[in-house]
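Chains as they are written, first to last, in this note's numbering: chain A, -16 to 741; chain B, -16 to 741.
Rather than coming from a laboratory, the hints here were simulated on the basis of the structure. Careful, some of the hints might be misleading.
Since the list can't tell identical chains apart, any single copy or any two copies may satisfy a pair.
[To be verified] Calculated lysine-lysine pairs in the DSBU-like style (CA-CA distance at most 35 Å, straight line):
#1 K540 / K2
#2 K243 / K60
#3 K724 / K272
#4 K539 / K187
Here the structure is a predicted model, which means the values were calculated and not measured.
There are 2 protein chains.
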Amino acid sequence: MANFSIVGKRIPHRDAVEKVKGSAIFTSDIKLSGMLHGKILRSPVPHAKIRNIDISKAVKLKGVKAILTSKDVPLIKYSISPTWADKLILADTKVRYIGDEIAAVAAVDEEIAEEALELIEVDWEELPAVFDPLEAVQPGAPRLHDEVENNISKTMSMECGSIEEGFAEADVILEDTFQTQAQSHCSLETHCCIATCSPTDDVKMWVSTQAPHPLRQRLAATLNIDAAKIHVSAPFIGGAFGNKIDLEPAQALCVLLAKKTGKPVKIEHSRKEQFIATRMRHPTRCKLKFGVKRDGTIVAKQAEVVLDNGAYNSHGPAVLAYHNVMFSTLYRVKNIKYDGRLVYTNKNWGGACRGYGDPQASFAQEVMLDMIAEELKMDPIDLRLKNANIPNEVTANAVQITSCGLKECLTQARDKSEWTTKKAHKQKYRGIGVAAMIYTGGGSIGSGFNYSGATLQMNADGTFHLLMGALDIGQGSNTVLTQMAAEIMGVDPESISLTTADTDTTFPCMGTFGSRVTFCAGSAVTEAAHGLKKQILETGAEMLEANIDDLEMKEKKVFVKGSPDRSLSYAEIGAASFYKKKKPLVAHGYYNGPEVPPEFNPVTYEGYPSPALVFGTHLAEVEVDPATGKVEVLNFVAAHDLGRAINPLLVEGQIEGGAVQGIGWALMENLQFENGEVVNPNFHDYKMLTIKDVPKISSLLVETVDPNGPFGAKGIGECAMVPTAPAIVNAIYDAVGVRIKDLPATTEKVFQGLKTQG
Amino acid sequence: MANFSIVGKRIPHRDAVEKVKGSAIFTSDIKLSGMLHGKILRSPVPHAKIRNIDISKAVKLKGVKAILTSKDVPLIKYSISPTWADKLILADTKVRYIGDEIAAVAAVDEEIAEEALELIEVDWEELPAVFDPLEAVQPGAPRLHDEVENNISKTMSMECGSIEEGFAEADVILEDTFQTQAQSHCSLETHCCIATCSPTDDVKMWVSTQAPHPLRQRLAATLNIDAAKIHVSAPFIGGAFGNKIDLEPAQALCVLLAKKTGKPVKIEHSRKEQFIATRMRHPTRCKLKFGVKRDGTIVAKQAEVVLDNGAYNSHGPAVLAYHNVMFSTLYRVKNIKYDGRLVYTNKNWGGACRGYGDPQASFAQEVMLDMIAEELKMDPIDLRLKNANIPNEVTANAVQITSCGLKECLTQARDKSEWTTKKAHKQKYRGIGVAAMIYTGGGSIGSGFNYSGATLQMNADGTFHLLMGALDIGQGSNTVLTQMAAEIMGVDPESISLTTADTDTTFPCMGTFGSRVTFCAGSAVTEAAHGLKKQILETGAEMLEANIDDLEMKEKKVFVKGSPDRSLSYAEIGAASFYKKKKPLVAHGYYNGPEVPPEFNPVTYEGYPSPALVFGTHLAEVEVDPATGKVEVLNFVAAHDLGRAINPLLVEGQIEGGAVQGIGWALMENLQFENGEVVNPNFHDYKMLTIKDVPKISSLLVETVDPNGPFGAKGIGECAMVPTAPAIVNAIYDAVGVRIKDLPATTEKVFQGLKTQG
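Extracted from the complex, chain A is given alone in its bound form (with noise of 0.2 Å):
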């Protein structure tokens, strides 16, 4: 390993203490004078047509200071791209789901305007509603979308290599089908968000979202105004993963209330309104089928997929493709087909969720591939590495891998775990099991869709401040971007202070998610250290009246080296810049996804230009109660390749909060519908691991070196839940001989696989 000071060290996180001890400043803490309170009236049927809106007797009431409807908004679908928009951010003549917003209100607080809620009136014309994409995508099957077809939003299909050749090849030839449920992203703070409107409309909004950028372009095409009027900012976040990167109709309905009334508006949603609401992740269904030869060499894979949209787009579209390219691009295979369906439901519509389509995508074949193993009598571990993807070489499907430690994942983990010895040496009701993951660590498709900024200058005093459009939602960011400058300006990562998030004094930044800030921002943030780097041994060079070559910066100094005694603090130099040269030192940096090359092509997706992929394995070792079927995960090792750790701390934090909440989706966490209601939008009918739940987790940490990362790092945030499912599911098959190919793994349908068995 390089010889770095501060890259690489185990730092805590910056925002820690503040959270814990409570005074970190979120945007629900954040009141202003006159400040009047939304809510949002929502659909209480999964389908209905709108015959009338009667807000007569709610205007009338007292405390009330304004109401949407439909009437009173831009009718402007959306979506995270405009070719997939669908959703109004107030239902015009037709509700799709339980949730769908009807109307808004502001008031002077929160109870009058609930009240108001129940006072508007509206005249109902009940639709047959559908729940299953498979029901719904059959002939005659209620239509939720006047313009779409049977339901089906998107269709992808690929092949690669021929699939017909491919199992011709094949020795063995296995097919099974898979499903995942609904998730929900539970982040302990639910959506919120205050708009202020001048009356030249100028907009200024404190909002949880992952993406403060795209958030203002978004809420200027949604209500067709200007961006440039638009003021994002974020507080601390209280947890996102995923479901804050959308705009979120409540966001735009706050403008508007704050537009209509003068006033400040705060909307908060509820905790119901979090799960009912917002996002969900896609419930899929994949039908696999699988050719390997004797050897283990899997020479056709073949996927048909549906994934549940639910009832509006958000980013169905994308993780569809994500769903492909993920599966696809993990292990060597030649011959691919792919063929998925987007499919629109009356529920709660999926977005984005920590994974992004790769979990569900891992999880059946993972699970598939351990059948395979089992076929073929073959250690699981030694058939991933048998088809394990290696660096720099282009896939079947285009594309392009650089840096790549799957194999060292595979083995690392493997001795970690105590793997043979284990499999050697099994105990009754115990099992282990593995899985292995793709995804990409430096965020999302090329150039114009991929941008994180970064400025960093040195104050007067010498400090520096880093202001940077990307995000800290909790994972880390600040500490970890903070190290890298600091790394390059020598000083401690704690002495750089911080503008983030803003939208004004912010370069643009796409957001923090996709597992994009470490490899993006952090470009950004090397390059704008750098820069800056050499302005300050301008300034020392001039001001020592030295050779730029010959100085050095160290321990905030700039001297000539092998003279330590002509020196220069930064202290000096920042007051003589500022005070003395009227040139102060500030430097930019600004990272833009690769062109878009010609070789990807966008309805299949081969060729897709990830700027670095990671890869991973998790080995999680199980003990099954025979009496009751109730799951206990004793162990469990995460092996990630992350080009390179730049904080070991929060990586770890990164890995085992996505193991945590990968267990969470592989035994327990499940967003119930019956009829198309959520019938568990609480905490207490939501289950999720608590404290108790969660098993002793090894990290380990695959350094690469990625050629392209900063610092050689890649990304790791999503990456850290994708293949944690199907290691517990099949340790639960390695422990009891249970099968699940539907997903969460409950005490119940293990219980019932132990039965059958008898």
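On the provided structure of chain A, position chain B as indicated by the hints.
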């Protein structure tokens, strides 16, 4: 006049509608979860030793979260300059005026905090006090500060030429003494601040201040913390007039209370606190002796000045220096002697107040000139024209004048006011008076003490964002500075959004005072704009494959001259820059006052290096009610040389505001003390002009186009009230022969004068 599109236009104040409609957010409007309210225990006696402070009862009051006394705070004295430091944020052993800070309480609401103040028991030893500066300098007078003999904080003695030879040359010598009273700033918003302090001691403040960056530095020095750990930002400011430049003890206490409690704390001054415990305009006593030739040439002028400093220095020493510089620089007089003393008394402390000593100097000198004109039987305007400064001269006190329109101000005001006609056809009880002025129009003393930075960036959609440390405290700088940027970028000023008054995201700026913002921040803005224009043209040249010299920028487009079809919109350039070229378009500008020249004498202030000087003339017409002595101002003409009016509408606003404040000071405003106690600390007893009292004010803008100012502009803000009072007082004399030498010229005094005449 040059052919400008935006500069010189009467564009309304950017914030006008927002403020009028009440939607502007001031510091007081901000509330945070768990926020506590701070209150300050102030001395009820003018001079005493503190034997003991007993907080035992107060701490027990339910709802009280923290109490600070001098034992809990750094005992670091401060002032605007470390040289003059004499004030603690909490008195340790002694209080020196009624209002001095003794303790601070944070509680869950203001009422409880106030109740706690009453429970704090202070054991006093009262000391004899002194309220009159002439008594304070006598041997044996009570001494305020142990280390300061005779209570003289500072003296300033200067002789230019030979005062003796000057008087020897004179045909006529006049002597008299003039006195001015304390004035309160009376901003409608009182001091208000909110502080949060993280467990890692990162401080964030929202504060009503004129100088966020210096405030950060002063807080750091006074609290002995690192400036980089403090983030100051200023929401809308509801007026300041010099009273919000200093560090206010409340601000430092707010930080310490936040630190101690771990909660956000707000401290908002009551109106009474604003009157008794923030700064005031220094009362002065000015004994003048002038020697003139029969033709009106002033050959010698001598001043003996006492400034009543109140209990602490604040800006006092600098105000004394300015009193000298402005008195001595105005008019071409070869022989000058100045002797000034700044004297402590047990009263509210003097500080910066619009004009910074100059209105006091102007009052004495300009009334004296009126007396000389009478003595010489010379027209008062002719007398001033005879002695007026001229462009590019170096004065007897070695001040370099660049642009100078004093003569134009005098003659244009004379014409506008119909002075000659009115003098020729005098109506009974009506009179007309004149006074002239000089002031700095580009801020204070040179490099390192007069800096302002600006960053201008093009957004991805081709709009612009301007970041500046300078802030709009109501005077309109946001409008004026965006006009300058808009002129250069070829867009509407409204389309340029702004970040100001934020220490993290903007370059250091000395702040908004000293009539410096248009000149200094304007210089930074124009530099940034020219830099950005170059970048845009370079980008355009590259994209259009054209030579940069062949390109023009107009109507939000870059195009090839003569080929308007070969063009790119700003939006296209912005998008390419951010989404294709990886090169944000951003440029910086930084103004720093000229290096202090070796000729400058810091003891006498000879050679004061002002970046620009401004001149002006006020001409008042009054009618005096002979029965009551009541003075009505009928007409008012104000001519100001401000280099160039970037926005004549806002300049007129400044002039009108200045004149109104000046008329108030001339006729009624008076912070009155009895035994050190302010007896009129409210808007009922402290008389100000109301809208009914405001005469028609005609503003004449004399545009001398300063060689150093941005677009030729100089300052106006403070200047506009400098010569108002003497113009009024001279008009009263012209009307009824009553000569007021002791401000304010109340109805009572004028009536007494009339009675004395009989």
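At 35 Å max between alpha carbons, let me know whether K539 reaches K187 within a copy, between copies, both or neither. between (38 Å within a copy, 25 Å between copies)
At 35 Å max between alpha carbons, let me know whether K243 reaches K60 within a copy, between copies, both or neither. within (21 Å within a copy, 50 Å between copies)
My question is about K724 and K272: at a cut-off of 35 Å on alpha-carbon distance, are they close within one copy, between copies, both, or neither? The answer is within: 14 Å in one copy meets 35 Å, while 104 Å across copies does not.
Within, between, both or neither: K540, K2 at alpha-carbon 35 Å: Intra 34 Å, inter 48 Å, cutoff 35 Å: intra-copy only.
Of the numbered hints given earlier, the model fails none.
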